[in-house]
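Which chain is which? The protein sequence lines are F and H, in order.
Note that numbering that gives the first Met the number 0 numbers the first sequence so that position 22 is 21, with each residue one more than the last.
Note that numbering that gives the first Met the number 0 numbers the second sequence so that position 127 is 126, with each residue one more than the last.
These are computed hints drawn from the structure, not numbers from a lab.
Please note: incorrect hints may appear among the correct ones.
What the hints assert, rightly or not - Examples of chain H residues toward chain F, derived with CB under 7 Å: (1) Ala166; (2) Ala175; (3) Ala197; (4) Ala201.
As the structure is a computational prediction, the values presented were derived from the model and not from experiment.
Think of the CB as a built atom: it goes at the ideal place given N, C-alpha and C, for glycine as much as any other residue.
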Amino acid sequence: MTYLSSDLWWWPYLFILIAGWLSTDVWRFLGVALGGRMAEGADLLVLVRAVATALVAAVIGKLVIFPTGALGTTPLVLRVGAVAIGFAGYLISGKRMIVGIGLAEAVLCGGLLLGF
Amino acid sequence: MRTDTGRRSIQRRRAWFLRGMRMAFSLPGFILVSSFVGFAALAKDAGVTAAQATFMTGIVWALPSKVVLVGAILSGATLPAVALAVALSAIRLMPMVMALVPEIRDRQTPRWVLYVLAHCVAVTSWVLAMERVKLVPRPMRTSWYAGLGFTLIVVNMLVVLAVYAVADTLPSAVSAALLMLTPMYFLTSLWGSAREKAGYAALILGMVLGPLFHMLTPEFDLLAAGLTGGLLAYVWHRLQRRAATV
């Protein structure tokens with residue numbers, strides 16, 4: 000029952016439909032159905048946002064610490080350093096995403112060029 | 000007479016649809032494209048084919064949910080666990096849609112139009128729409144948002160296809176740089192969109208707990224890290240607020 004567990008061509012698409020489409024559009028459609036009718040439960044929304052943020056953050060952490068493919072062949076120190084420097088640049092520049100992403104990429108590529 | 004006004008209103012709708020399309024080619028749109036480049040590189044590494052990744056882009060659309068989907072596929076999680084993790088990552092779409100609907104709806108707007116447009120809701124189009132929709136005449140807002148939302152979807156489906164086409168010919172340093180785009184995009188966009196301190200706490204906790212739970216329980220790492228990190232951040236938020244009021 001995993002994504003790659005079947006050789007049937009349609010299995011991945013069914014998997015995406017159930018785990019991807021249904022799991023996301025059900026919330027969008029509920030938003031239309033309830034639009035304006037549900038009072039904003041501020042506290043519940045904080046919890047919802049916190050769980051969603053932590054879930055995506057868990058993926059971020061995994062992508063940096065246990066990456067796959069070409070990023071997996073780079074040293075851990077370089078990856079963590081690139082993310083830390085990029086994030087510091089983002090904060091110092093007044094939360095400009097372009098600066099954060101550009102700086103992290105520059106450190107990573109610079110490090111690889113220098114033969115890390 | 001009536002057909003004449005009908006034709007004029009269709010022309011007007013087309014003009015606003017095109018203006019919405021143009022809105023997709025802006026700085027936020029460009030940043031989104033670069034993060035889809037990163038997503039395509041990630042999906043390819045996870046063993047997802049070009050057709051599947053393009054299908055995923057159109058049908059799921061929200062990038063955080065897609066990254067969780069691909070992350071869970073990489074962990075070798077089973078269908079129910081993956082569906083639950085993606086659903087938890089997507090709950091926040093509901094309040095986003097609830098906030099957007101009153102902005103774009105007209106008294107005559109049919110319900111099905113709202114359901115179709117809701118599919119376009121993800122961070123980028125939502126932020127752009129909430130920012131700019133006030134400049135659009137109310138009866139034209141659904142046409143404008145359709146132009147913006149569907150253009151973003153189609154453009155990024157093409158971007159995913161293009162990355163798959165060239166990925167194998169790229170030097171490994173470039174591939175590594177592309178794979179770094181996704182974590183940096185989400186780290187900065189989540190930090191920037193956090194409404195309260197609980198958001199910062201959840202972000203930091205999740206980043207630490209993700210790799211930690213990956214070593215403990217690889218199949219449920221995302222679910223465990225998301226629920227634990229989110230709950231801890233929420234409890235911290237409650238305690239802090241109580242401390243502030245006492």
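Holds or violated: is there a CB of chain F closer than 7 Å to the CB of H:Ala175?
holds, 4 Å
Given a cut of 7 Å on the nearest C-beta pair, is the interface hint for H:Ala201 held or broken against chain F?
holds, 4 Å
Tell me if H:Ala166 is really an interface residue toward chain F, meaning its C-beta lies closer than 7 Å to one of theirs.
Hint violated; H:Ala166 Cβ to chain F Cβ min 9 Å, cut 7 Å.
With a cut-off of 7 Å, does the beta carbon of H:Ala197 approach a beta carbon of chain F closely enough for the hint to hold?
holds, 5 Å
Hint compliance for this structure: hint 1 alone is broken.
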